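Spelled out, the chains give:
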Amino acid sequence: MRYLPLTQDNRTEMLAAIGAKNVDELFCDLPKSALASAKFNLPNTQSEMSVERDLGKMAAKNLNCGQAPSFLGAGNYRHHTPASLDYIIQRGEFLTAYTPYQPEISQGTLQAIYEFQTQVALMTGMEVANASMYDGATACSEAVAMACRVTKRTRALISGKVHPHYADVTSTSMKFLNVDVDCLAPDPFNVEDLIGRVDSSLACVVVQTPSFFGHLSNFTALAEACRSAGVLLVVCVSDPVSLGALIPPGRMGADIVVADGQSLAGPMGFGGPGVGLFATREKYVRQMPGRLAGETTDEDGRRGWVLTLSTREQHIRREKATSNICTNSGLIALAFSVHMTLLGEAGFKRLAKLNHAMAAVLARKLASVKDVRVLPSNYFNEFVVELPKDAAEVAEQLAARGILGGIPVSRFYPTYPELTDLLLVTATETNTMEDIDAFTGALKEVLS
Amino acid sequence: MTKPTTASGHAGLQLEQALIFEQDTPGATAVDLPDLPDHIDTMGEFENKDAIGLPGLSEPEVVRHYTRLSQKNYSIDSGFYPLGSCTMKHNPRLNEKMARLPGLADIHPFQPVSTVQGALELIDTCAHWLTELTGMAAVAMSPAAGAHGELCGLMCIKSAHDAAGSSRSIVLVPDSAHGTNPATAALCGYTVESIPANAEGRVDLGALKSRLGPDIAAVMITNPNTCGLFERECIEIADAVHEAGAYFYMDGANFNAIVGRLRLSDLGVDAMHINLHKTFSTPHGGGGPGAGPTVISKALAPFAPVPFVVRKGDGYEVEEHAGFGAAKQSYGRMKGFHGQFGVFVRALSYMMSMGVDGLKQASGDAVLNANYLLARLSAELTPAYPGPCMHEAVFDDRFLKGTGVTTLDIAKALIDEGFHPPTMYFPLVVHGALLMEPTETESKAALDQFIESMLHLARKAKAGDAAEAFKAAPQLAPRRRLDETKAARKPILRWKPSEDAAARQAAE
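Chains as they are written, first to last, in this note's numbering: chain A, 1 to 448; chain B, 1 to 508.
Read the hints as simulated data drawn from the structure, not as lab findings.
Given the structure is predicted, the values throughout are model-derived calculations rather than measurements.
Some hints here could point you the wrong way.
[Unchecked claim] Pairwise CB distance ranges (calculated):
#, chain 1, residue 1, chain 2, residue 2, range
1, A, 224, B, 243, 56 to 62 Å
2, B, 329, A, 25, 43 to 49 Å
3, A, 402, B, 11, 38 to 44 Å
4, B, 326, A, 189, 30 to 36 Å
5, A, 37, B, 167, 33 to 39 Å
For glycine and all other residues, C-beta sits at the position ideal for the given N, C-alpha and C.
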């Protein structure tokens, strides 16, 4: 077996050093009954070539987004990542290191986390960010749990324009903590009255911009209402590329900002792994979940980094920890950070503008198709369109024509008949004018 | 011989590297993008006209930056990494190659299901390997890491109790448990009580039995435990737990010791998470991403979280909504999309490569390597428990008594010897613990080198007068000991422009 270096001679020699007759003797504490009944109906070892062949067959059964013009978003986005990014994250020193528990020999990971924390804080307009959560949805859930700790309240309100997976993950985890989560119904047609619902029994209000349906919002007035009721405002961001063009949530008065960094980190990968971005205000830092890298000095007075404020964390605080998270999404956070470093201020802003421009072109073209209506009047790179028929059927028919043309909203909300004709579409810099024309043409055919 | 000081601050191949924010060339970018198409902007009042504050660098500068940073890291690729309970085994590059196949990487979670049949087949195949290797009825694939898997298991258990109308409030966890166990139980709304260990480093069955009762919801036990020992009374524990109407959660962090040798179903386990980033070789990436699929018994399966893949005719579908169809009793959703798909690809690539015969050989070699360390290091170190151990060996600090040298000092001195230190001061039940997990992917030669260094350090400590030298370690790493107290007292968690630079920027 190519991954196992011990030879039979090694094993014999080592057993002699141990004073055991055979390897089975080392397993003497395992129950005899369980050893005897163990049967596994699984294949034996396979060569590298053979594994490549088998997995290649599975891969070939999928229609990948490089083969078909694709306009899919809903929290997972297809962006171009520079070639140097994948090279950097495949360096073994990053890829195959553990959590930086020994800082003297982990300065690379620690400095990269510190840079990541700074980038996320700057982009979101917040004061501090952590070293990452699993994904955007779990980051949202952690934000609500944190708001409950800060306010010592046990009620949360989630806007109906928040990603349904974020809302589901949050309500699932809060249910077990007896936190009462009020998820408003999805309504892409009207403006929600959130300010009217703010009261001092709430720990937080959770909103999203760009919203799940693509709307842009300014939450300044809501933040003001929250502040006077002692309620925290949690803002989710759909595609963080939008932060290159839109007013950052921090400047609107957000207390916690969360997002999924996948869109800037790398491939969609069928939705995972992503990376949860989590930023907040400095005054709440001791209630924050997750790891934090901080600056310090070594014995020679040289600047260096360590994991810090770990008395919040499970390995020290156990059942009183702010979260149970241990492994987070380190390598994807690195990928995100590398991409942001490659882009820089100028590149990031340009990428955002390009995304918006492509979406604006797409929206105009789609709106020119008979009986198709673009719902949001302000959007970034994603928006919901109303079709004259069932959007799930349309998406299937488009796929049959080799176009991945949006996601039927009903996939997320099977019990809302008023949403069945809605299709969520996204354009990014990876789309071409030809893609947009092909999509528009196919949609015309499908609807005619 | 003292190290020469250099004008640059570099020391040969150890290159100092400033923060990206200190390398800013305003306006520079390493990414070129096409011109904007003609369009009508619709961002309106929401558009940001202000600076964000991100630095600009060129591609060569960025590549050099991260290359230099990487060279400040120790990794499994570069050397022996016996970090106990972390299973730092070799990460095959085939896994990385497979995860990058466009048909597996460049697919979207919400494409029509008809266009991602291969992805669903892959998840189903990975799930099949995990249920077959554990003998369990089902597996929840979506948990993102070990602690998330623990939470999944306890949520299933809580839901099963709720469905049965039973309101039990306490979870029992041994003192030796990983910190995530009590933290997880608390997140599930449970009160945590500890179970004492006996002198052998195992759960005290008598004490456990006497605490079991109608208020106990579950017992969480790591097996093999964090002392590197198999809980040999595991079946009796499971029986007692079940008799009391509670569930048996087994923490699978140490599954690498037993994979391919026995099935959890034969031990009476109700739920266990599997760290794909430990046992099944997916890389740790400096702290993730991992994946923590949780295998569950038939009794818990109806409560499993969405999403899950179901076979339908010749194809696959995915159940995405709790409360509907096969997910009628599901407690909800834990993670966005379909779980850590990219990690599933890597783990499946590994499992297929190893095969069931290879996995059995791997657990055998992992345990053999650990026992070899235990046997040879016992010449100078003090094992916390007599052997045989499972895949990790734990030593206490009796061998350092009176030397003025601590476990931490030994760990830091090992850095100068060129090794990643073992896990220190864990498990908490072992005084000054050094927990060493060699894994099966180390050669005998690599173990022998480590053993020589470890014995040398132990002898040096015991010879006396060495405490000062130990306190000064490491001296040869990119940094000497870092001041963690200072970092925590006045936390600096991000870079900020100097006041001069900020003022200049404001003036512009």
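### Task
Taking the numbered hints from earlier one at a time, note which ones the structure violates and give those numbers from smallest to largest.
Hint 3 alone not satisfied by this model.
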